[in-house]
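Novice: Please put together the full structure from these sequences, using the hints given.
Protein chains in written order, with my numbering: chain L, 1 to 70; chain C, 1 to 313.
Just so you know, the hints here were simulated from the structure itself, not pulled from any lab data. Quick reminder that beta carbons are idealized off the backbone N, C-alpha and C, glycines included. Among the clues, some could well be false.
Derived CB-CB ranges, DEER-like [what the hints assert, rightly or not]:
no.: 1; chain 1: C; residue 1: T174; chain 2: L; residue 2: Q27; range: 33 to 41 Å
no.: 2; chain 1: L; residue 1: D53; chain 2: C; residue 2: P254; range: 22 to 30 Å
no.: 3; chain 1: L; residue 1: E49; chain 2: C; residue 2: P247; range: 42 to 50 Å
no.: 4; chain 1: C; residue 1: K187; chain 2: L; residue 2: F19; range: 45 to 53 Å
no.: 5; chain 1: L; residue 1: G8; chain 2: C; residue 2: E18; range: 44 to 52 Å
To spell it out: a stretch of chain C is covered by chain L in this simulated footprint if at least three of its residues, at any positions, have a beta carbon under 8 Å from a beta carbon of chain L; those stretches are [said to hold, decoys possible]:
no.: 6; segment: 250-262
no.: 7; segment: 270-277
Listing some non-contacts, in silico: residues in chain L with all C-beta distances to chain C over 10 Å [said to hold, decoys possible]:
no.: 8; residue: F19
no.: 9; residue: Q27
no.: 10; residue: R51
no.: 11; residue: D56
no.: 12; residue: E62
no.: 13; residue: L64
no.: 14; residue: I67
Below, each chain spelled out in residue letters.
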Amino acid sequence: MLYHCPSGKTHFINASTAFLLEQGLGQPATVESAAQAVAEARGVAADDELRADISDTLLRLEELGLIERA
Amino acid sequence: MSAPVIPIARVGDLSPREFRSRLAGAGVEVRIGPFDVRVRARARGLAMPLHALWRDYPLLSGARVLHAHVEVRDVWRLWPWPRRKVRFIVDGRAPHEDMPAGQALPVLEWGINLVIALRYHCFLMLHAAVLERGGRALLLPAWPGHGKTTLCAALAHRGWRLFSDEFGLLRPGTRELVPLPRPMPLKNASIDVIRRFAPEAFLGPVIPKTRKGTIAHVRAPADSAVRARETATAAWLVFPRWEEGAPLTLEEIPKSEGYMQLATNAFNYEMLGEAGFATARDLVAGTRCFRLVYSDLETAVARLTELADGHDG
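Specialist: Quick look at the structure:
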């Protein structure tokens, strides 16, 4: 669960998204660096499929106002 | 030497005639859970049932600041044809349209619910029945029609202390639930179900054709009303659903699912902002969450009692 103070909304997120927010996006990041962080944590390669998943997730998080595009 | 015990006057200490006279005059000041309320009423058929259903509420005396001044009174409408209606008033204002004559009791009880739900954001208010056993509280959050009030009334007559059939009142930052024992409005078939299940239960008049169907209120057991200042810590979060013919199942569910259902069943979760989130989060973290499906009241009550008494396997 995630509470977004500026909007007052509660979001229910899956474990992968929680990891991405906590670990992969702790500081300004690119799709590539976020994919690398997730790949390292999972012990898998940062392939195109993973990058596409990360990209989709980031777009959704942006739509919800949870992250901002630099 | 111990301090003298001063008996608390209760509504039932007034004669029905005195109660009716006060209601129609300056009003009756009562403590309903954590709320001090003055009630006035000039509505046909209300005083006697209210005297019986509110029998164990403490009467207030002396000057004090009240949480609300509520009133129910019969009014006449002349257009399009002459007819009597019932008006609910809080602090001098009618918050909704007049209701059909003869429904003063549910109009008063729903009106008090409305006042609580809209005003008292010092609590996180969950849409849940709450009962206590062994010092720990059970919350039953549910959507209308899921059998919450029926199950609550049944438990309240089988060794559980009633906190509320409608409001789970939590002080933000705690897991302490505050009692608000009120008459429980049974609807339609549930009226006879509880009559059979708990013949000792006191029911008010059967009122047909309300906006929720036929209604009869069950009086809160005396022990619940007398101990209305005793809070309890939440221990179980059970989401009940009555399903005709369904076998009993009590299944533990992930806390994330419990949280989601709890938050969507709250009156003022979003209004409280981060404090509401933190309070609900801590509540769920400190409780076990279950989904209950039942059709037979007896076995559902027995299963929940086993859970509370530690025989839950």
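Novice: Check each numbered hint from earlier against the structure, then list the numbers of those it violates in ascending order.
Specialist: none
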